[in-house]
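Here the protein sequences come in this chain order: A and B.
Take the position in the first sequence, starting the count at 1, then add 79; the result is the number in the working numbering.
Take the position in the second sequence, starting the count at 1, then add 79; the result is the number in the working numbering.
Check each hint, because a few of them may be wrong.
No copy is singled out in the list; a pair is fine if it fits within one copy or between any two copies.
For lysine-lysine, the following DSBU-like pairs were computed, each having C-alpha atoms within a straight-line distance of at most 30 Å [stated by the list, open to error]:
no., residue 1, residue 2
1, Lys325, Lys163
2, Lys124, Lys242
3, Lys159, Lys325
4, Lys106, Lys81
5, Lys172, Lys92
6, Lys128, Lys242
7, Lys92, Lys163
8, Lys369, Lys106
9, Lys242, Lys369
10, Lys128, Lys268
11, Lys325, Lys369
12, Lys92, Lys176
13, Lys242, Lys92
14, Lys268, Lys325
15, Lys92, Lys128
Hints are computed from structural coordinates only; laboratory data are not their basis.
Number of protein chains: 2
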Amino acid sequence: MKLLGSIEAGGTKFVCSVANFDFEIIKSIQLPTTSPEETLTAVIKFFEKYELTALAVGSFGPIDIQEDSERYGFITSTPKLGWKNTDIVGPLKSALKVPVVWTTDVNSSAYGEKMFGNGQGTHSIVYFTIGTGIGGGSVQGNQFIGGISHAEMGHAIVERHEKDRDFLGVCPFHGNRCLEGLASGPSIKARTGRSGEDLPVDHEVFDLIAYYAGQIAYNTYVNLAPERIIFGGSVLQSIDMTKVRKYFNEFNNGYVQTSDLDDLIQISGVADNGSATFGNFALALEALKK
Amino acid sequence: MKLLGSIEAGGTKFVCSVANFDFEIIKSIQLPTTSPEETLTAVIKFFEKYELTALAVGSFGPIDIQEDSERYGFITSTPKLGWKNTDIVGPLKSALKVPVVWTTDVNSSAYGEKMFGNGQGTHSIVYFTIGTGIGGGSVQGNQFIGGISHAEMGHAIVERHEKDRDFLGVCPFHGNRCLEGLASGPSIKARTGRSGEDLPVDHEVFDLIAYYAGQIAYNTYVNLAPERIIFGGSVLQSIDMTKVRKYFNEFNNGYVQTSDLDDLIQISGVADNGSATFGNFALALEALKK
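Only chain A is shown next, with the shape it has when bound in the complex (with noise of 0.2 Å):
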C-alpha cells in the first residue's frame, strides 16, 4: 500500500508516522531526540518498512529553507547540544528516495489547521503555538509566508502589561522584551513558581498571557490580515478565548474591521494535537502531483 510520511522533529521526540491517501493513519510512533545520527537511523529505519511515496519534515529550528542553500535542510543555529548544522534532508532523501518536503513545526500545524482544523476552507490563516517555547506559523493561498528564512513569531517585541513591567522576563536572548519571554510556560513558572497545569484557571497570570496572545493576534491582524488566526500549544489549554477577543478589540480600539472575533481567533482543530502530523500529509500529497 503506498503511503505518505510525517516526521514532527522536536526537541525531545520525533513524531514518526504513515497515512494512506485518505490521510488515516497507519501507525504512527515516538523516537527520542538523542543525538543526530541514533535518532535519524531510527527515523529511517521505521519509514523503511513502508511502502512510502512522499515525506514532510516540520522540524524545530532556526533551519534553512533555503533551496539553493548549501546548508538547505539542515536545523542551523540551535543551542540544542548535538544538533547544531546538523543535515535532516539529505539522509533522509537518500536513504529513503522519496520527493522530502521540509518546512518548520508551525509551518506543518498551520497547514493542517488550513486542510483540516479550524482554518478550512479559508484563504489564509496564522497558527501560533504557546507551550514551552512560542512560535508561529503563516500560509497564504498555498503559499508559506516567509522570505530568505523562516518566521520566529514568538520573538516579536511586545508592549508589556503595566502589571509586569517589574518581571524580567525569561526568554535568553530577549528577556521581557519578546512574546516568549512573557507568554510561554516558562514565564507562567517564573511568576508564580508553579506550572500552569497546577493553577486555577482563573489565577491572574493567566490574564497576563490572554494579553499578550490578544496583542499578537492584534499585531498579525495590521502585518498579515489574515483570515483566521490560531492558537494552540499547552499553554492555551488554561486560557480562556474570550479574554484574548476582549483584548484583541481593546488594542484594536475600533480601528480595522474584522469579521466576527468568534470567527477570526480560534483553537487549534484538529484533534490529538495532530494538526503538524496531518499538515504534514497535505504537504507530502503536494509534494507528490507536483
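Fit chain B to the given chain A structure using the hints.
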C-alpha cells in the same frame, strides 16, 4: 501609442500618470482631492486623452480588496470627509474600459521598490512609509501579503522607549500604543512643537523615531522574514539608517541570523518618490499579461 496608467490616490492629491511599455513617463499630473465626483471626473478626463491599455490604482484606505465583495474597489471606512464608502474602481472601469488593478498606496510602493528600486532581484520585500501617517505593504513572489483585507502595519502595537513613556501619542485610535501614534510626523510636532524638517538632524526626537523604526523592522523580520525592508516617507529624510540598524541589532540581540543589515534595511530607491507610480505601471502591465 498604447500606454499604461497609474493613479496614486491620496487624501490631498491624486497623482495620475501614463507611461509607455518601457516605463517612460509620458505625462503626469496632480489633481486635488476634493469630492469623489469632482476628482474622479477630472481623473477620467485626463486618462481619456490617451490610448490607455491598463490602469493600476494605489489608494489611501482602508479599501475593500475582496474580489467577491459587493464593495470591491471601494474606499471604505475612511475618516476623510465625503469619501467614506466610495466606489473608485467602478467609475474608472466603466469610463475607461480597461483592466484596473486595485491595491493600497503602500502595496504599490512595495511593488515599485521590488521592480525598480532597492528591492530589485529579491523574492520578498516589505515597504514602510513614515510620514503624516505610517503604512506598510509586503510582496512575496508576485503576491501581496494580505488575506481578507490589506495590512495596516502603521497601527501595530510597539513597546515604548523608556524615555518616551509619558508621551501621549497622536493616533486617534491607539494614542501612544501604536507605531503611528509614536513615530509619525505629527508625533514629532506633538513632542517638540516643531515640524521634523525644522529640527536639527541630531535632535533627540529622531533617536526615538529610529528606535521605533528599528523595532518595527525587527518585528517585521521575525514575522515575515523578508529579503528586504525598505523605508520611505518624509520623516525618513531626517533619520540616520545606521541608527535604525543599530536598534534592530539591539532588539534582535543575536537571535535571528540575518544577511548584512546594510542590505536588509534600506531607504527607498526609486527616484523622485516614484515607487508607487512605477509600481502601478508594473502592476498594470502584469494585468495586461493575464
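### Task
List in ascending order the numbers of the hints, as given earlier, that are violated by the structure.
Per hint list: 2, 6, 9, 10, 11 and 13 violated.
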